[in-house]
Structure formats: C-alpha cells, structure tokens
Amino acid sequence: MIAPLVAHALGARDDLPIPDWLFAWGAAVVLIVSFVGLSLAWHRARLEGDGWRPVSPRLSRLVVNPAAEALAGLIGVFLLGVVVWAALNGTDDPNHNFAVTFVFVTVWLGMVALSIAFGDLFRAFNPWRAIARAVGGSFRLVAGQPAPTPLELPDRVGRWPAVGALAAFVWFYLVYGQAGFGAAGLDPHAVGVATLVYTAYTFVAMALFGAERWLERGECFSVYFGMFARISPIEIREGRLGLRRPLAGLSSWATMPGSIALVLLAIGTTTFDGAREGAIQSQITSVFDWMVDAGVGPLAALRLTNSFFLVVVVAFVAGLFWAGLYGMHSVKGSPPTRRLGSLFAHAFVPIALGYLVAHYFSFIIFQGQAQFTYLLSDPLGDGSDLFGTASSGIDYTLIGTHGIWYVMVGSLVAGHVLALAVAHDRAISIYGDSQLAARSQYWMLALMVGFTSLGLFLLSQGN
Amino acid sequence: MQSRLMRAAIAVVAVIAAVVLFVVLSEGDETEPEQTPPAAERQAPEAEEPEAEAEVPEAEQSERERPEREREPSEPAIPTIVVRDGEPVGGVEELTFRSGDRIRFAIRSDVDEEVHVHGFDVYADLEAGRKRELDFPAAFEGVFEVELHGSGVEIATLTVRP
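Here the protein sequences line up with chains Y and G, keeping their order. Under my numbering, the first residue of the first sequence is numbered 1, with each subsequent residue one higher. Under my numbering, the first residue of the second sequence is numbered 1, with each subsequent residue one higher.
Worth flagging that the hints you see were computed from the coordinates, not collected in a lab. Glycine included, every Cβ here is placed at the ideal spot set by N, Cα and C.
Ranges between beta-carbon positions, derived for each pair:
| hint | chain 1 | residue 1 | chain 2 | residue 2 | range |
| --- | --- | --- | --- | --- | --- |
| 1 | G | Pro162 | Y | Gly432 | 44 to 54 Å |
| 2 | G | Pro162 | Y | Ile236 | 41 to 51 Å |
| 3 | G | Ser99 | Y | Ser429 | 45 to 55 Å |
| 4 | G | Gly150 | Y | Ala300 | 23 to 33 Å |
| 5 | Y | Gly388 | G | Glu127 | 33 to 43 Å |
Between the sequences and the hints, there should be enough to build the whole structure, so can you do that?
Quick look at the structure:
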C-alpha cells in the first residue's frame with residue numbers, strides 16, 4: 001500500500017507538537033482570562049466609531065504623496081514581474097526558486113504582519129491596482145473622462161467574489177501543491193502560470209466593474225490583507241494619514257455580504273493545514289487508501305481526499321460559528337441569527353490571526369530567512385550570487401522548540417482575549433442593557449473558548 | 001445578585017467542561033498510537049515485523065535514547081532503514097533523538113542513491129547493497145524529512161526533541 005506523504009509543500013522543518021502540560025496550561029489560562037475579562041468588562045461601547053484622527057498635515061504629506069504612491073506601485077509591479085520571471089525560468093525545486101517562497105511566505109504571511117503594524121500597506125504595493133491606476137490615468141488624459149465601467153457589480157454580491165478567489169488560492173496552495181510521491185509539491189512553473197492567470201482575471205474584472213470596486217470586493221489579496229489591516233491603528237482616509245484606536249477599525253468591517261464567509265474561510269483553512277498533519281491524519285490516510293483501492297490514481301486520490309477534508313474542516317468551523325450564534329439568538333431581545341452573524345463576524349478576525357501565528361510562526365521565522373539570503377542572491381536557483389548571500393542558509397538555531405511553543409500558545413490566548421473584547425463591545429451596543437449583553441456573551445464566550453481550545457488541540461496533535 | 005450567581009454557575013460549568021474535555025482528549029491520545037506512531041517507543045511492533053529487517057530490537061532502540069555518549073562509536077546497534085524497490089521496507093521510519101545528542105542511523109538501499117537529511121542538509125551517497133552509516137550532531141530541534149534525493153521518496157522522519 002502506498003502511503004500518502006504528509007509534508008509541507010515548502011520548507012524543510014516541521015514543529016513538534018506541544019506537550020500535554022502546555023496544552024493544559026494553555027486551556028486553563030484561556031478559561032481564567034475569559035472569566036476575569038468578563039467580570040472586568042466595561043459597560044459602555046468603546047470601539048464603535050473608531051475615533052479616527054488625522055495626524056499633522058505635514059507628516060501625512062510625507063507618507064501620502066504622489067511620488068511615494070508611484071514608487072510603491074512600481075515596486076509592486078517589479079516584484080510581480082520577478083515572481084513570474086523566476087517561476088517560469090528558474091529551478092523546479094520549490095525550495096530554491098524565489099517565486100514560491102516570495103508568494104507563499106513573504107507576501108502571504110509577511111503581509112499580514114505588516115498590515116497589522118502599518119495598516120493597509122498592500123493597497124500601496126498592489127501591482128494590479130498600480131497598473132489599473134496608470135491605465136485609468138492615461139485614459140482620462142486621452143479621452144478627457146474617466147474610463148467607463150460596462151457592468152455593475154451589485155451591492156448584494158459583497159465580498160463573495162473575493163471569497164471564491166481566496167478559496168481557489170488556498171486550494172492551490174494546500175491541496176494542489178501538496179507534496180507527495182516524490183513529485184515536487186508547489187511546482188514553480190505552476191505558480192508562474194497561476195500568477196499570470198490571476199493577473200489576467202483581475203484586469204478583466206477591473207475593466208468590467210471598475211478598479212476600485214473590484215479591489216474592495218473581488219481582488220482576494222486586497223480583501224484578505226485589508227481584513228487584518230482593520231486591527232491596525234493606522235489608516236489612510238481620503239488621502240490623509242490618521243490614527244484610530246487599535247481593533248476599532250474592525251467594527252465596520254463585516255457589514256458587507258460575504259465577510260462572514262471570508263473570516264471563517266481564513267480560520268478553516270489554517271485549521272485544515274494544522275489538522276491534516278496531526279488530528280485528522282489517519283482519517284485522511286484511510287479515505288486515500290479507499291480511493292486508491294477503488295482504482296483512482298495516487299496523485300488524483302491525494303488531491304481529492306485533501307479537497308474533501310478541506311471542505312469538511314471549513315464546514316465544521318462554520319458550523320461551530322453558527323451554532324454559537326444560534327444559542328446567542330435565544331437571549332431575549334436578540335436580533336435574528338443571520339443578523340447576529342454579520343454583527344459579530346468581525347470579532348473572529350483576531351481569532352483568525354491567533355491561528356495564523358500559532359500555525360505559521362516558525363515557518364516564517366525559518367523559511368523567511370531563505371527569502372533574504374540565498375533566494376535573494378540566487379532567485380532562479382541556477383548558482384548565481386547577485387548580492388553575495390547565495391551561500392548563507394537558514395539558521396535553525398535562531399529559536400528553540402520551547403520558544404516556539406510559547407509563541408504558539410501565547411498567540412492563541414492573545415487572539416482569544418482580543419476577540420472577546422471586540423465581541424463584548426459589540427454586545428453592549430446591541431443589547432444596551434449590560435446584563436442582557438453579559439448573558440449573550442456567555443454564548444460568545446463558549447464559542448470562543450471552543451475555537452481557542454480547538455487551536456490548542458491542533459497544536460498538541462502536531463502540525 | 002442574580003447575575004453574580006449566574007456568573008458563578010457558568011464558571012463552574014466551564015471548569016467542568018474543561019476538565020471533561022481534557023480527560024476526553026488525553027484518552028484520545030492513548031488510543032491513537034495505533035494509527036499514527038509518533039514516538040520511537042510506540043513503533044516497537046513495526047520494528048519487530050520479520051520482513052522489516054530493521055536490525056534494532058526494541059530494548060536497544062529505547063536504550064539508544066539516553067546514554068548516547070557512553071557507547072562505542074563502532075557499536076552496530078543503530079536503527080537501519082532498508083530501502084527496497086525505491087521504498088522504505090516497513091514504511092517511513094520514525095527516528096527520535098534528543099537535542100544535543102548525536103544523530104546516528106544507517107541506510108541500506110538495493111540501488112545506488114543519494115540520501116538527503118532536510119534541515120541539517122546532510123547528503124550521503126548510497127551504494128547498492130551496502131550499509132551506509134550517518135552520524136552528525138543534533139544541533140537544533142524540529143521534525144525533518146529524510147529522503148532519497150534522486151527519487152524524492154521519504155524514507156524516514158527525523159524528530160529532534162528538546
């Protein structure tokens with residue numbers, strides 16, 4: 001019997017599962033902070049209306065100006081070009097091709113961290129937005145009017161197009177690119193082709209529906225990084241740099257349809273990636289074996305099995321979410337369950353962040369070193385040494401297992417606390433009466449303890 | 001007053017739930033090894049399979065974990081991975097070492113190959129039919145693949161524990 005290999009598509013190192021004692025401590029701390037938090041909770045909504053204030057005009061102009069915007073756009077377009085060039089011309093080995101680590105580590109994970117620290121940076125560097133703006137500007141110059149948009153994207157579609165594109169992206173990363181049977185997982189050539197296809201798709205959609213509208217609802221990276229940027233205290237509003245209370249930007253995030261699906265997809269895919277190498281590994285293996293016995297080719301069987309479990313895990317996460325909200329609905333004076341969903345979805349963004357850090361922290365610490373050492377100097381993996389760093393590798397002694405474990409558990413607990421704070425704030429503004437708010441929050445508390453315990457459980461099962 | 005009672009009740013329920021959850025999960029841990037053997041001591045049955053040819057009886061394997069330095073470097077009692085028809089006999093071998101110890105194991109392949117230990121980036125040529133021993137320090141922790149460089153087949157999972 002051929003066993004499916006469960007290995008990261010990229011990188012050479014996996015984390016050890018957290019030991020039972022740390023799992024127990026993590027769970028205990030989660031429960032204690034939850035109840036202490038609830039008893040200390042405030043009685044007046046503090047995060048509704050984010051209190052955005054512009055910084056001094058001079059400082060604002062230093063950051064937000066046409067030259068900086070053009071420069072950031074050019075950098076974005078240049079890097080997009082490097083990705084396609086390296087992917088199509090470089091080595092087949094995903095670990096030695098600049099494109100793969102750049103897309104799936106530096107941008108996909110690194111940009112989340114940058115978005116939280118500095119606000120929506122991706123918007124500035126987004127290559128597709130930069131090109132669309134350049135084209136739109138030229139059109140206006142020549143035609144004397146803004147470019148027409150032949151089709152209108154209805155409001156009720158909301159962020160669903162971005163949800164679809166994001167699902168395709170994570171499927172490509174976690175299922176299609178999954179290593180197995182000696183086949184290189186994330187084939188750089190496939191990454192290059194996918195980048196070109198997505199670029200073409202984005203340009204067509206922006207031309208049809210208008211660039212800004214598509215960036216807000218359909219361009220999945222803008223929408224995904226924009227979600228995390230809501231946590232940041234920094235936001236550019238109407239061309240002016242300003243500051244708001246951290247987390248407060250989340251309060252208005254989930255009003256658009258599709259937002260709930262987006263945050264649940266973010267949590268669900270991280271859960272799947274963690275679970276398949278531990279918690280559900282044996283189930284995956286048995287479904288895979290069953291398919292191979294039924295005559296499906298091994299690679300197809302592996303992809304089908306992983307697709308199936310990806311859907312199951314995302315559905316499980318969504319089910320947990322809706323079950324909690326259904327319980328909350330039973331509190332007197334509650335809005336209907338569906339409405340509760342959009343009212344509270346934003347509180348799960350910090351949970352998604354906690355999951356992301358817990359699962360990928362060591363990956364970005366170690367694989368991120370590859371990006372700035374040998375991949376930078378030898379992007380194609382052909383032996384060149386552009387900046388003299390081609391022979392430096394990854395220093396795996398940078399952080400030990402204990403350090404990684406504490407970051408993992410700490411990030412889950414921190415995400416949990418932030419999520420509770422955001423949800424509590426929203427409950428007060430809905431229920432008015434702080435006693436009813438508290439009662440609705442027991443449900444929310446149970447739900448979030450459930451998610452955080454699930455996260456801890458995944459870490460204890462290996463990931 | 002009522003809300004206080006309510007909170008206390010919820011606290012009690014939550015603590016009970018946590019205890020139950022923990023007990024259930026730890027039981028889950030104990031039943032699981034049959035499907036996924038994560039540690040060296042748990043995969044003893046595998047090593048004893050007659051066709052596995054891994055020349056490592058259980059006692060020696062668990063002994064290997066601790067008094068590493070006291071033993072002679074020439075001692076043959078190290079785990080041996082046998083590769084036949086390009087696949088590891090008995091499945092992907094689980095090797096576990098402690099951080100700071102020496103990582104020692106041997107591979108015997110029926111074809112010429114090259115072995116690559118990920119992370120440590122140790123490469124070694126394998127000659128068909130001959131046993132090749134690897135010995136290098138466990139300088140850092142984590143879970144790493146040991147693969148045949150030519151075919152890309154994983155033959156062992158190397159775990160370095162703190």
